[in-house]
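Number of protein chains: 2
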Amino acid sequence: MDDQTTSRAGDAADVDVSGALRRIQQLTLHLDANESADPAQRIVPRLCGGGRGRRLPAVNTAELLEYTKGRHREIQERIFDFFASRPDLQPPVEISTSDHRELCMRQLSALVREAGIRPLRYAFEDPSVYFAIMEAAGGIDISLGVKLGVQYSLWGGSVINLGTKRHKEKYFDGIDSIDYPGCFAMTELHHGSNVQALQTTATFDPLSDEFVIDTPNDGAIKWWIGNAAVHGKFASVFARLILPFQGKGGKPADMGIHAFIVPIRDMKTHEPLPGIEIHDCGHKIGLNGVDNGALLFRSVRIPRENLLNRFGDVSRDGKYSSSLPTINKRFAATLGELVGGRVGIANSSVGVLKVVVTIAVRYSLIRQQFGPPKQPEVSILDYQSQQHKLMPMLASAYAFHFATLYLIEKYSEMKKSHDDEVVGDVHALSAGLKAYITSYTAKSISVCRESCGGHGYAAVNRFGVLRNDHDIFQTFEGDNTVLLQQVAGDLLKQYKSKFQGGTFTVTWNYLRESMSSYLSQLNPVTARWEGSEHLRDPNFQLDAFRYRTSHLLQSVVLRLRKHTKTLGGFGAWNRCLNHLLTLAESHIESVILARFIEAVQKCPEKNTREVLKLVCDLYALDRIWNDIGTYRNVDYVAPNKAKAIHKLVEYLSFQVRGVARELVDAFDLPEIVVRAPIGMASEAYSHYTEYVGF
Amino acid sequence: MDDQTTSRAGDAADVDVSGALRRIQQLTLHLDANESADPAQRIVPRLCGGGRGRRLPAVNTAELLEYTKGRHREIQERIFDFFASRPDLQPPVEISTSDHRELCMRQLSALVREAGIRPLRYAFEDPSVYFAIMEAAGGIDISLGVKLGVQYSLWGGSVINLGTKRHKEKYFDGIDSIDYPGCFAMTELHHGSNVQALQTTATFDPLSDEFVIDTPNDGAIKWWIGNAAVHGKFASVFARLILPFQGKGGKPADMGIHAFIVPIRDMKTHEPLPGIEIHDCGHKIGLNGVDNGALLFRSVRIPRENLLNRFGDVSRDGKYSSSLPTINKRFAATLGELVGGRVGIANSSVGVLKVVVTIAVRYSLIRQQFGPPKQPEVSILDYQSQQHKLMPMLASAYAFHFATLYLIEKYSEMKKSHDDEVVGDVHALSAGLKAYITSYTAKSISVCRESCGGHGYAAVNRFGVLRNDHDIFQTFEGDNTVLLQQVAGDLLKQYKSKFQGGTFTVTWNYLRESMSSYLSQLNPVTARWEGSEHLRDPNFQLDAFRYRTSHLLQSVVLRLRKHTKTLGGFGAWNRCLNHLLTLAESHIESVILARFIEAVQKCPEKNTREVLKLVCDLYALDRIWNDIGTYRNVDYVAPNKAKAIHKLVEYLSFQVRGVARELVDAFDLPEIVVRAPIGMASEAYSHYTEYVGF
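Protein sequence lines, in the order shown, are assigned to chains A and B. Numbered per my numbering, the first sequence spans residues 14 to 707. Numbered per my numbering, the second sequence spans residues 14 to 707.
It is worth saying that the hints were derived from the structure and are not from the lab. From a predicted model like this one, the values you see are computed outputs, not experimental measurements. Among these hints, one or two may not hold up.
Treat identical chains as interchangeable: a pair holds within one or across any two.
[What the hints assert, rightly or not] Only pairs whose alpha carbons sit at most 20 Å apart, straight line, appear in this in silico SDA-like list of lysine to any residue:
| hint | residue 1 | residue 2 |
| --- | --- | --- |
| 1 | Lys-456 | Gly-467 |
| 2 | Lys-246 | Glu-182 |
| 3 | Lys-387 | Ile-340 |
| 4 | Lys-656 | Asn-646 |
| 5 | Lys-660 | Asp-640 |
| 6 | Lys-387 | Gln-212 |
| 7 | Lys-656 | Val-570 |
| 8 | Lys-456 | His-401 |
The shape of chain A in the complex, shown without the other chains:
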């Protein structure tokens, strides 16, 4: 490298990389005192990353926006406009936990009482409106979205879904108007995922016709209870229902987990009620606008009618009745009613992903660093590495957008029809999408921060607060690792049902075909096909995704069977756990791709369809490339094809970069949601220097 000209002398082993080496001179200057940069030897380069000359699809942003925008944009805009007009309700860049809690409560009250948004009715009558409200509120401040969710989905949802007419009559208006701010007291210090193992008890006292709520040990303290530390007046407390004398030999009978309305603070003085010890769970990584507390109960007495008795009731004389025959069925019915929370989280997570992608893409377009010799520096989005970081992510935001639209649609259908098949479908789909999307978004926020370098580290540019707030989306309302196991479990159930002549629910329907056909025939000819037309054929893409799922399912069934013999059910499941999680993710990816392909095909406008097809191809092929080891191991893809896929992913990322600005503009995020100076649609640097005081 010291002398470019000698390197071209006829040594056969030598290679002519001198041009490229010039590029690294700029970089190695930072570390190397021995190089020589001779400007006279510089070559004028062509468009970086380009050179294939294929045209980019023309984007009609208005059409794209029209096709992708949600059905309830109007109510969202009302929310955005309301907060835009109220600077006193906008969260500052730095805020203490106590101030944030008060601000968040004021935001929620103003939204309900001043802007006139009343979410509770929507949550039951038109969930898609409810989720749109939640997403928009979360766009202002994720804490607000969650505080709203605690009040309406969790506290309100438990009262309305698990209670009966008497509860609705008594509580609906107070919850809706936030006169009755409430909590959802399920999680305990020792038990989060394993809800069946909760230890709080509610013992019926036939003398006084009351339940007595008790925390039997420190591990049973209700923990992480939103709204409990400061604002809550009520809680729906999940506890084991104990009936004295109803068990064998006159012992107490444990009827399993039930929910009870427990007033926790005095309506007037706001002091904790007798027997209730409340502590503040304190500062959290994020979401500090929500006041999480810990609740300990010492013989707290509530009237019998405070039992939320839709799935099980206790009569005046202490007898239990239920339409459902077993503890497990009642437990499942109880928790099943709460699945809406996951739908909301998945949907809001996509909203967060859109925000960070918008900031990172816009900044990467205006940020310039390095460049060809004697030419202006280039936009950092022109670097292949930056495209690699951001373009598949942009494609995923679109993919998830269509997937959550579908989920909300299915959920709304379920709330109307209560059809068993739809119920099963929505439960597994919401678990899978919540887990997959929130994990992906969490990782992406970090990638976006890093891709924006130092300026990405300024709090005002939002990556920190979004990462910190969103982080817990992976854990609450079902830990992602546990939720994916539910998806895997559901797949195994469906698999088994198929061989007993049963039917697949809608989402798994593809497995009907794939189990019988894909696995029987690995085609050594198509495994070598590498043409771009073939690789961009949705049939190939879907086949590849589904083949993988079928293969993983088939093989895990064999492994489970083998290990169950020696390790028992629990041990076998655990021995195959990584396999099962991969299976669940693979299935969810298939479902997302299928929705995306459908959305592309249904798009009425040609240009828009073409752009979406490009984005969809990138989503599909990037996923295949990420898991190329799996495909190679079973020879579904030959080495030449693997190489072609890799090349095409890089090419598609380059193509999507060409329309990246339009693609993020079509997310149509208002300034009050993006907020980051470096993420503004124009004049980003000026916004930023102005913020710092210049």
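For this one, chain A is given, so just place chain B on it according to the hints.
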């Protein structure tokens, strides 16, 4: 699943997974109203994940600790003891930016003036002590470690390394005692990575014998300057040195980037000096104990002797002189002196990784959730998925520990010998390890948080602050994506040098062999070997790592040659950028593995050696499995071998789990560094409830 017994009826297509399905009943209870869990059908399982009956190595924690502890543990303990005795200097769980800045300054002053730790001399005379101090200070609060680095490595380092005797005499004591708190003003709003494009100017005025410092436009405002917003009195300002009349035709000559000492605040009043506009960069994602500011200069005059003139000087009559012939050589020499910062960051990043792994492993041991029927719940570290998340990470912490020890050793050697070969080696190695380790740690912190569920989200349990503070390690002192390109560039240079009869520097020496041998012979027989003895043979592991690097290097050379013809050097480099980054990472992984294997082999005590060998095998095979697609694509590994590697990684993770407690104990982190209640060696839950007020 509705009825386990019918599933065993003689349908050939049916499979017996009923035992495993029982496991999912517990999970699906959360979503499925249609199951029936019949406790009578439960099977007693064996030790989950176990069943192979091989013995675990016995750990002698004291021996392990003795072998792994740093050489300068004593001075670190002095620092820990000092802060343990001073609760007023310990950072609280929540703190505002302005309070944090003051606390951090008080911490640093107390460390220097009360505890008597004087880092500056060590930085030059015995760097390994300096890095030990920095790591320990960062253990108390990462902000403190960075504030210390700004004062001593950056401000102090620039004065001592880039200046001459006169600067040392005038500034050494003031810097060491922090009477002269200072800044390192390199980065500008528009330029971070591309330092050569900085725009601030320092124009010599021969009339007054002064330099005039100017910010020519907003893009040239010095940005992110640590110590500038509040505490700094001086800055070493990097600016283009302009000499009037010395260019062609009597025009001004631009001599390139030089550093100048610029007083920025009045020594008595602490007011900004005339012509200097200072703004606060404001709240950041993390590291808010460090006060980053923005500096704008308007004709600020400094005496000529404030030029840090080791590599270039200006005489009274405005003539330039230097021992180095070109701008680029001077620039490289200037930046080359600052490489110590990267060594410190890599080292401190390993410290952070050890903390989060310790917290996550200890909590995963005491946390129990779910379990076999009618048996106690199991520790969540007994789940394969949790082992998958945490055990390779624990292995990596050990791998990085040995790699950074080696880096510090090499760096110390370089500071003594100034040997050219060692210089080149340290520059590339520090760039590569800094990039690789900080990226890995950043991802790992998020995985640890998630693996600790809700309790991982409590701020007191530390994942949030560590993630937020550490985040910028990926960006400052060299963006990781840029640093990896430097490594790739260095590899290409070495490659070329080899074919010109040159030699590889120490770190790359393995390529000498691998280029000529590995690539010529892919052995279809060994590609199928799958025995555990073979897979755990360090020769196989190293060969695999090195083969990959050689293969990536060979192929990128061909691609660069091809693309340079049509795209020019810049375009070709960019077209191969992802490939080059993969190459750099692959090389760094090889270097880390080689160091680890050496550390295992040198370990004198048999039990400890055996434990370290286990950990090293997991590190090596996990990395191979993660990149199995690459190995499969070139048929270095046959499908049966790929499967065997995967199986062995899961088995080794299970084995390491058996000694995980001892492995984290051997990190020997004092309570004042771990701090998280859930990360305490005992009584974690009590620490936690006590914190919340119970």
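Here's how the hints hold up against the structure:
no.: 1; hint: Lys-456 - Gly-467; result: both (18 Å within a copy, 18 Å between copies)
no.: 2; hint: Lys-246 - Glu-182; result: within (18 Å within a copy, 68 Å between copies)
no.: 3; hint: Lys-387 - Ile-340; result: between (76 Å within a copy, 16 Å between copies)
no.: 4; hint: Lys-656 - Asn-646; result: both (15 Å within a copy, 8 Å between copies)
no.: 5; hint: Lys-660 - Asp-640; result: both (15 Å within a copy, 17 Å between copies)
no.: 6; hint: Lys-387 - Gln-212; result: between (72 Å within a copy, 16 Å between copies)
no.: 7; hint: Lys-656 - Val-570; result: between (31 Å within a copy, 17 Å between copies)
no.: 8; hint: Lys-456 - His-401; result: both (14 Å within a copy, 18 Å between copies)
The structure shown violates none of the earlier numbered hints.
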